[in-house]
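Start from the sequences and build out the full structure, keeping to the hints where you can.
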Amino acid sequence: MADTRKPAQDFTLRIRRYDPESGEAPYWDEHTINLEPHRSVLEGILQARGRFDGSIGIRCSCKAAICGSCGVRVNGQAGLACHTHLDAALKSSRDGVIEVEPMGNMPIIKDLVVDMDAVHWKKIRRVTPWLLAQDPLPEREHIVPREAMVDVTQSMACIQCGACVSDCLSMEVDPLFVGPAALAKAYRFVGDPRDSQQFERLKDLAEDPHGMYDCTHCFKCIEACPKGVAPMNQIMRLRRRAGGDHHIEDRNNGFNHEHAFVKNIRRNGLLHENDLLTDSFGGKASPKAAMFLAKSLPVITRALLRRKATLKVALGHPHKAPKDVKRIFDVVEGRPERYDLNLYITGYDEEQSGAEEPNVGAIAGGGEDGQAIPSAPGASPKGAS
Amino acid sequence: MKVAYWPGCVSRGFTPELHGSVAAVAPLLGIELVELDRACCTGAGVLAEHSQELADTLNGRTFALAQKEMANGAELMMNICSTCQGAQSESQERLDANAEYRAHVNETLAPEGLTYEKGISNKNFLWLLVEEIGLEKLSSLVERPLTDLKVGPFYGCYIVRPADRIQITDERPRDTYLALVIEALGGTVIEYAGSHKCCGFPIITMNTDASLKQAGMHLGDAADADADCLVTPCPLCHLNLDLQQPLAEKVVGRPLEMPVLHLPQLVGLALGLSPKELGLARHVVKPTSVIDWTTTVVAGVGAQDEETVTGSSVAGEK
Ligand code: SF4
Ligand code: SF4
Ligand code: FES
Chain A
1 MADTRKPAQD FTLRIRRYDP ESGEAPYWDE HTINLEPHRS VLEGILQARG RFDGSIGIRC
61 SCKAAICGSC GVRVNGQAGL ACHTHLDAAL KSSRDGVIEV EPMGNMPIIK DLVVDMDAVH
121 WKKIRRVTPW LLAQDPLPER EHIVPREAMV DVTQSMACIQ CGACVSDCLS MEVDPLFVGP
181 AALAKAYRFV GDPRDSQQFE RLKDLAEDPH GMYDCTHCFK CIEACPKGVA PMNQIMRLRR
241 RAGGDHHIED RNNGFNHEHA FVKNIRRNGL LHENDLLTDS FGGKASPKAA MFLAKSLPVI
301 TRALLRRKAT LKVALGHPHK APKDVKRIFD VVEGRPERYD LNLYITGYDE EQSGAEEPNV
361 GAIAGGGEDG QAIPSAPGAS PKGAS
Chain B
1001 MKVAYWPGCV SRGFTPELHG SVAAVAPLLG IELVELDRAC CTGAGVLAEH SQELADTLNG
1061 RTFALAQKEM ANGAELMMNI CSTCQGAQSE SQERLDANAE YRAHVNETLA PEGLTYEKGI
1121 SNKNFLWLLV EEIGLEKLSS LVERPLTDLK VGPFYGCYIV RPADRIQITD ERPRDTYLAL
1181 VIEALGGTVI EYAGSHKCCG FPIITMNTDA SLKQAGMHLG DAADADADCL VTPCPLCHLN
1241 LDLQQPLAEK VVGRPLEMPV LHLPQLVGLA LGLSPKELGL ARHVVKPTSV IDWTTTVVAG
1301 VGAQDEETVT GSSVAGEK
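Which chain is which? The protein sequence lines are A and B, in order. If you read the first sequence in my numbering, its first letter stands for residue 1, the second for the next number, and so on. If you read the second sequence in my numbering, its first letter stands for residue 1001, the second for the next number, and so on.
To be clear, the hints were calculated from the coordinates, so they are not data collected in a lab. Heads up, a few of these hints could be off.
Below are the DSSO-like pairs computed for lysine-lysine, each with C-alpha atoms no more than 27 Å apart in a straight line [as the list claims (entries may be wrong)]: (1) A:Lys122 to B:Lys1068; (2) B:Lys1118 to B:Lys1068; (3) A:Lys326 to B:Lys1118; (4) A:Lys326 to B:Lys1068; (5) B:Lys1118 to A:Lys323; (6) B:Lys1213 to B:Lys1286; (7) A:Lys323 to B:Lys1068.
Rendered as structure tokens:
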């Protein structure tokens, strides 16, 4: 927790300024403001606007990390201006000046205000962000198992600030990528037992070349999210449901890749890249695999020439999995239900240090499926915080 | 120091020069490697995507094997791959967080007499260099300072994010270690946009274009920032940045010719090993900007005589 007893001090903000309508290039402005260190970067910006330059563009409302309107980049990291303390921002600055920029991956309207409609909201709409209930509706209320709803609380914590979208590294090279916020929203309904279109939703997002298999697993959205939604983990759950539960064999090789990978480790214990590449495209004989190999043939030939890979490594199976690895596969894969742990829901055992910081500590686990372990110590849903 | 050593898969598959260079560098650093040859792939995140329990059980098995070595004098477990580190840290986070879950996983391991005890210390070679060996000691071992060599760090996602899992703190700013090591070896650190971004490898078969665009963009940014080469602790990044570089060039439409070194290769060069011993000839992009092959001397600016080599300076203000 920030120390609230320290007196006001000077902080210098370097604010990115840009007005596309002016026709002039973007530039930086510096202002020194005076506030207590536990106050927010947003308050700093507002003071600069009030005292020095009324033309600074910033969007905000609640000032309490609830409305999601003040997303910016502070020292290169996306987040909420109202949720970033000045002292923390000073510490992460490169040269003692707090750098504030508009979020990335979205067009700038003015200064720190980006066009959320053009990108973020368009993508959210893309995933049909409402419940498609069964028809006919049950006569009275829907009865759902508690765990199933706990499972979607993490994605429900989203406040639509767009910080994850701003920093998504896949979207940086593929603007059509559906992206972290929208895919997390998709999981909110795919994981909701009341929804009647789970298969259709999954199929749609698996087949979309810019859908759930376009995520590179870079953790950027997990770092950016001020609410512990961990969008990447929700994307992994979408994939697990699509591949594992619904066996959707998509045209993007997502299903094949995952299954080739798992098969590979089961067989070899170690990953065998060459098998993996071809199996990812549906086996050596498939036309897609042939095309990919043909495209990368010069690369592979060069690798062989440089003796990076010997033919034996490229084509043979130099390693076999130890017996107990195979046994573990059989035991775990043979369970009637997946048994997974979502630390966001269960929390940490008492002596674990992460436990005292609800939000940061709660962002955990890559690609869990939220079978909460109800009897786990400290089990209490933190999604509402 | 003795370490339980997990080399990973790629270092024994498509980047054998990585495994080889670790073996060459370790004795110079006083590291004794006890290879965990029965351990299996960490799953690289994909296994966890398929079944979290499977990934955690297989990684728990590796930890248990390492702990057996640790009972015999190994100080910790070491890996040489950002992705291994990330996948193992993820499993460890869950196994350490919850006693009931740990017991469940240990039950699966029991038939072979293996048990994972909470709290294993598992460090990437990069962390070990800074935290166990220390930068001062490392500097003192340098035989051939990387004077004038401009090196761009490339970390790999898994070793810098998420910060809490990777335990990046004020005392241990692990997301700056590559820069610290480059400086300790006498080289110049190049800052560029892509140093902490994604190489794109995980989607190479799903969206080849987007994948290569990422690799090409970072390589191009590093070239624009005047880097002679990149250095990475991740062999998967190496695959996309080096092996696939000719394809990345096509996708981004510019020549790149950017050599990419594995971290132990860079260390080995500074510690006096020959480029050949370090397998530098095996890269797809020949590291000509790094090595003057005629004299096998490290050089950003051609061959150097004895004087300029020893009269080195450390550049790279941050
Ligand atoms: S993990 Fe996936 S969705 Fe999240 S920022 Fe990275 S590429 Fe984007
Ligand atoms: S997932 Fe997190 S970062 Fe993304 S829009 Fe929602 S609250 Fe913001
Ligand atoms: S002003 Fe509402 S979230 Fe920051």
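Tell me the numbers of any earlier hints that the structure contravenes, in ascending order. Failing hint: just 1.
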